[in-house]
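> Sequence:
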Amino acid sequence: MTLVVHHLQRSQSDRVVWLCEELGVPYELKLYKRDRKTLLAPPELKALYALPAN
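The end of the sequence shown is residue 54 by UniProt numbering, with every number in the run present.
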């Protein structure tokens, strides 16, 4: 099983990618780019971490 890293451009996930590289851990990188105007994450990445409504 391969680790999947959902990586948002210019975010703290840089550290996870760096750690995987240093430790030689195989991983699959899913890259997401920020909106050019707002610098927010794209909806498809936000959907991965959506919290249920109360």
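Some hints could be false.
[To be verified] Calculated pairs, DMTMM-like style, for lysine to aspartate or glutamate (alpha carbon to alpha carbon, straight line, at most 25 Å):
id	residue 1	residue 2
1	Lys33	Glu22
2	Lys37	Glu22
3	Lys37	Asp14
4	Lys30	Glu44
5	Lys37	Glu21
6	Lys30	Asp14
7	Lys33	Glu21
[Unchecked claim] Okay, the calculated beta carbon distance ranges per label pair:
id	residue 1	residue 2	range
8	Gly24	Leu51	31 to 37 Å
9	Tyr49	Cys20	16 to 22 Å
10	Thr2	Lys37	30 to 36 Å
11	Gly24	Glu44	25 to 31 Å
Derived by calculation from the structure, the hints in this document are not laboratory data.
Given the structure is predicted, the values throughout are model-derived calculations rather than measurements.
Heads up, the beta-carbon is just placed ideally off N, CA and C, and yes, glycines get one too.
> Could you run down the list of hints and mark each one as holding or not?
Here's how the hints hold up against the structure:
1. Lys33 x Glu22: 24 Å, holds
2. Lys37 x Glu22: Between Lys37 and Glu22 the Cα gap is close to 33 Å, so the pair fails against 25 Å, i.e. violated.
3. Lys37 x Asp14: Holds. Lys37 to Asp14 sits at ~22 Å (cutoff 25 Å).
4. Lys30 x Glu44: Holds, because 11 Å separates the two Cα atoms, which is no more than 25 Å.
5. Lys37 x Glu21: 31 Å, violated
6. Lys30 x Asp14: Distance ~12 Å between Lys30 and Asp14 Cα, so the pair holds.
7. Lys33 x Glu21: Between Lys33 and Glu21 the Cα gap is close to 21 Å, so the pair holds against 25 Å.
8. Gly24 x Leu51: 31 to 37 Å: Given a distance of about 34 Å, which is inside 31 to 37 Å, the answer is holds.
9. Tyr49 x Cys20: 16 to 22 Å: 20 Å, holds
10. Thr2 x Lys37: 30 to 36 Å: 34 Å, holds
11. Gly24 x Glu44: 25 to 31 Å: 29 Å, holds
Violated hints for the displayed structure, listed by number in ascending order: 2, 5.
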